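Enquirer: Sequences and hints are given; from them, build the entire structure.
Protein chains: 2
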Amino acid sequence: MKNIQSYITENKERFLNELIELLKIPSISADSAYKTDTLKTAEAVKTSLEKAGCDHVEICETPGNPIVYGEKIIDKNLPTVLVYGHYDVQPPDPINLWDSPPFEPVIKTTEKHPDGAIFARGACDDKGQMYMHVKALEFMTSTNQLPCNVKFMIEGEEEVGSVNLAPFVKNNHEKLKNDVILISDTGMIANDTPSITTGLRGLSYVEVEVTGPNRDLHSGLYGGAVANPINILAKMIASLHDENNHITIPGFYDKVEELSTEERAEMAKAPFNLENYKKALDIDAVYGEKEFSTNERNSIRPTLDVNGIWGGYTGEGAKTVIASKAYAKISMRLVPNQEWEDITNLFQKHFENIAPEGVKVKVTPHHGGQGYVTPIDSIGYQAASKAYEDTFGKTPIPQRSGGSIPIVSLFEQELKSKTILMGFGLDSDAIHSPNEHFGIWNYLKGIETIPGFYKYFTELSK
Amino acid sequence: MKNIQSYITENKERFLNELIELLKIPSISADSAYKTDTLKTAEAVKTSLEKAGCDHVEICETPGNPIVYGEKIIDKNLPTVLVYGHYDVQPPDPINLWDSPPFEPVIKTTEKHPDGAIFARGACDDKGQMYMHVKALEFMTSTNQLPCNVKFMIEGEEEVGSVNLAPFVKNNHEKLKNDVILISDTGMIANDTPSITTGLRGLSYVEVEVTGPNRDLHSGLYGGAVANPINILAKMIASLHDENNHITIPGFYDKVEELSTEERAEMAKAPFNLENYKKALDIDAVYGEKEFSTNERNSIRPTLDVNGIWGGYTGEGAKTVIASKAYAKISMRLVPNQEWEDITNLFQKHFENIAPEGVKVKVTPHHGGQGYVTPIDSIGYQAASKAYEDTFGKTPIPQRSGGSIPIVSLFEQELKSKTILMGFGLDSDAIHSPNEHFGIWNYLKGIETIPGFYKYFTELSK
Chain A
1 MKNIQSYITE NKERFLNELI ELLKIPSISA DSAYKTDTLK TAEAVKTSLE KAGCDHVEIC
61 ETPGNPIVYG EKIIDKNLPT VLVYGHYDVQ PPDPINLWDS PPFEPVIKTT EKHPDGAIFA
121 RGACDDKGQM YMHVKALEFM TSTNQLPCNV KFMIEGEEEV GSVNLAPFVK NNHEKLKNDV
181 ILISDTGMIA NDTPSITTGL RGLSYVEVEV TGPNRDLHSG LYGGAVANPI NILAKMIASL
241 HDENNHITIP GFYDKVEELS TEERAEMAKA PFNLENYKKA LDIDAVYGEK EFSTNERNSI
301 RPTLDVNGIW GGYTGEGAKT VIASKAYAKI SMRLVPNQEW EDITNLFQKH FENIAPEGVK
361 VKVTPHHGGQ GYVTPIDSIG YQAASKAYED TFGKTPIPQR SGGSIPIVSL FEQELKSKTI
421 LMGFGLDSDA IHSPNEHFGI WNYLKGIETI PGFYKYFTEL SK
Chain B
1 MKNIQSYITE NKERFLNELI ELLKIPSISA DSAYKTDTLK TAEAVKTSLE KAGCDHVEIC
61 ETPGNPIVYG EKIIDKNLPT VLVYGHYDVQ PPDPINLWDS PPFEPVIKTT EKHPDGAIFA
121 RGACDDKGQM YMHVKALEFM TSTNQLPCNV KFMIEGEEEV GSVNLAPFVK NNHEKLKNDV
181 ILISDTGMIA NDTPSITTGL RGLSYVEVEV TGPNRDLHSG LYGGAVANPI NILAKMIASL
241 HDENNHITIP GFYDKVEELS TEERAEMAKA PFNLENYKKA LDIDAVYGEK EFSTNERNSI
301 RPTLDVNGIW GGYTGEGAKT VIASKAYAKI SMRLVPNQEW EDITNLFQKH FENIAPEGVK
361 VKVTPHHGGQ GYVTPIDSIG YQAASKAYED TFGKTPIPQR SGGSIPIVSL FEQELKSKTI
421 LMGFGLDSDA IHSPNEHFGI WNYLKGIETI PGFYKYFTEL SK
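Quick mapping for you: the protein sequence lines, in order, are chains A and B.
Numbering-wise (the UniProt record's numbering), the first sequence opens with residue 1 and increments by one.
Numbering-wise (the UniProt record's numbering), the second sequence opens with residue 1 and increments by one.
Errors might be hidden in some of the hints.
Stated by the list, open to error - Pairs of lysine-lysine residues, derived as BS3-like cross-links and limited to a Cα-Cα distance of at most 30 Å, are as follows: (1) B:K290 x A:K360; (2) B:K349 x A:K278; (3) A:K349 x B:K2; (4) B:K416 x B:K76; (5) B:K290 x A:K349; (6) A:K290 x B:K349; (7) B:K360 x A:K279; (8) A:K362 x B:K290; (9) B:K445 x A:K290; (10) A:K360 x B:K279; (11) A:K362 x B:K279; (12) A:K290 x B:K360; (13) B:K278 x A:K362; (14) A:K278 x B:K76; (15) B:K362 x B:K112; (16) B:K279 x A:K112; (17) B:K112 x A:K360; (18) A:K386 x A:K362; (19) A:K279 x B:K269; (20) B:K2 x B:K386; (21) B:K2 x B:K269; (22) B:K362 x A:K278; (23) A:K360 x B:K416; (24) B:K349 x A:K279.
What the hints contain is simulated information worked out from the structure, not anything from laboratory work.
Predicted, not measured: the structure shown is a model, and the values here were computed from it.
Expert: Structure (structure tokens):
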């Protein structure tokens, strides 16, 4: 019976070209100008699932971008794996920092990817990682090696908060019924250090608006006499962290899961070189919450970051104006046990409380999601671990990620099943940044590893 | 001999239409995309001066926008008035807040302007006020009532710091030789309360750039672990004022002219209604330096305002990114005795000093100018005061303005003559804001008042 390695060797070029075609479509969910392209991408995903051997594929309409659903049921008595991924991508800006156009994929080698990497928006997050599962399915169906049932749910709004996924999941318990959920939308430590993400941070994303005078004013005639919304917004943002970089929102830390000294010692074993980290980002020092390490700050600790700020005159030259309004997009990364709706409310109440006289403040909750932890003694985790051992020759390291996949905790709540996060990207792949890329070695290694998960999960489920 | 009132009555329509034509040209000096329109405006000003009776008019090239020079010399032994103004305008954005297109002038009545006002960018600042002088000259030449020599110097870079005016003035002492300088680029208290600006604030305008990581980062993977340039910029801006809204830059107040209790009491007599002021701006409270009144805060006290801020994702929807860079445009209004170059250096040194580890800071000085005070016992002030008495039936109130006309102190330095600031606009005319306008009554009242200044100045100079 044909094995996966030889199948990949024979089909490598086609696997690459199919992904490149998918990456050419700018499915930017955050910008309604790309609506048509986003729908076109959904159609492309549907076709790819049909070709990969799904018996039934459909495009499920939502108030926003549609969800592509596909399934191949071989035996009701066998376990069912539900694969989740997303076909939408982040906006590419700042566009001028891309070395090649974000939607014209090119292959270049990098220090971390000597076999070459595909440079394009969505290459790693998440078109490339999602498509590994489509190709793994193609292998299993075309060689009669699919050991269980499989369902695909590929959405188009992950980068804007999956607002329409929750109702879809709530209304389709039977359709989505499964024994384990499999997602590749995270990363691993290094190509020679495989890891499986066991923890995710939650998210609360808000937009704030500070209004001062009812119109833009001349800064000479009014400067110093009225509250300047930009100065006030800066002051309010600054006050959200204290001198130890603790977040000052009352109640923010109340439910934060505190790790034991042992657990923190265990985490500290993950390979990490601070000098290389600083060098890679060209910074002279790291910065963050006092008394926690860099790896702790971006994984087990909640954080608050301004993702965007704007107000007043930002064009060429000078304009001596006091703006009427100033804006910021602010996101908080949360840890398990922090309820994202509660945190959003705490933020809103606090931000309104600290607004000084002379300005009006508006806080608009954007979206959010819960944190999540995968137990490493679960069948799903064990199956994944064995699959990595076969293809990497090493036991993967369980790792907490700082990122958020809000829907993971939703899945557990609604579908009562655990999620396994098999990520094959690297931190250096620049997801959400200019020049996002995905290693060809990683893409093929993912396709190679996934069938093993199906095999071991089916065996362990007996 | 024809008097000015009847001349205005006969030519009112033409005076309005000529100004409207001038306002249709978008001479935005801050945006190089409007270079051609800006040059076209200079040509239009040249033509208008020729028609108004100047013997010699020329367009003087500079490395930036040209300066229009015109003169009518009737007798070397008579005094010479030098009129300064500018034909460039502020950028119109935010464009969506204009009720009518900024470069398609319309006439509408307002509460303050029952006789109607011209709505257009530059209507008041400064095309409208500059053109009053052209029409006043036309009256005096066409009716043989020009009592002295007159020179015009109309520049095209006032809104971007008059960078090329200083060298022009320095290199043309003889050409620009005069006994008094006359400028209408300020305002007055109200149509029934004429005032003459006797003080101006200086200006230091800088742009700051804060750089964190060398590329945009995913806020989930890096959030809380690296310095976020936007959070840092907010923190740095917030620290520039203390809890009493004093500016914290070391040495900033060292040379600030402190007014006596008597002088402050004198100032306090100027009519001012705090409730109306707040109502007009739709704010629940004023905001500013402790222990100073609103009128003091925006005239005799130096201030610091952020005029623009930007960084990260500012588009539609959400992007969970940590930006590599954040920017702000910051201006400081200065009072007499504060040297703008010194203040710029103090700011730069301080801002670089307060940058925390993990970021790099760049401060780019933009432009600036000195504060200025006109002595009310000077011949020039007295002549202006008498001219207002004739046309308003009231003695004008001497008033300090918070605005800056950086070149006024340059003129004194280089040309050894005092400047008289006869402004006919109102604070409510929204200069630098959407829906800028200039009252028709004010426009004509300016044309009516200016010839009186020439008459009295010539008499008092004997």
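Enquirer: Look at each hint and say if it fits the structure.
Expert: Quick rundown of the hints versus the structure:
no.: 1; hint: B:K290 x A:K360; verdict: holds (21 Å)
no.: 2; hint: B:K349 x A:K278; verdict: holds (26 Å)
no.: 3; hint: A:K349 x B:K2; verdict: violated (69 Å)
no.: 4; hint: B:K416 x B:K76; verdict: holds (18 Å)
no.: 5; hint: B:K290 x A:K349; verdict: holds (28 Å)
no.: 6; hint: A:K290 x B:K349; verdict: holds (28 Å)
no.: 7; hint: B:K360 x A:K279; verdict: holds (14 Å)
no.: 8; hint: A:K362 x B:K290; verdict: holds (27 Å)
no.: 9; hint: B:K445 x A:K290; verdict: violated (65 Å)
no.: 10; hint: A:K360 x B:K279; verdict: holds (14 Å)
no.: 11; hint: A:K362 x B:K279; verdict: holds (20 Å)
no.: 12; hint: A:K290 x B:K360; verdict: holds (21 Å)
no.: 13; hint: B:K278 x A:K362; verdict: holds (20 Å)
no.: 14; hint: A:K278 x B:K76; verdict: violated (72 Å)
no.: 15; hint: B:K362 x B:K112; verdict: violated (45 Å)
no.: 16; hint: B:K279 x A:K112; verdict: violated (61 Å)
no.: 17; hint: B:K112 x A:K360; verdict: holds (27 Å)
no.: 18; hint: A:K386 x A:K362; verdict: violated (51 Å)
no.: 19; hint: A:K279 x B:K269; verdict: violated (62 Å)
no.: 20; hint: B:K2 x B:K386; verdict: holds (20 Å)
no.: 21; hint: B:K2 x B:K269; verdict: violated (39 Å)
no.: 22; hint: B:K362 x A:K278; verdict: holds (20 Å)
no.: 23; hint: A:K360 x B:K416; verdict: violated (48 Å)
no.: 24; hint: B:K349 x A:K279; verdict: holds (27 Å)
The structure is inconsistent with the numbered hints 3, 9, 14, 15, 16, 18, 19, 21, 23, although it conforms to all the rest.
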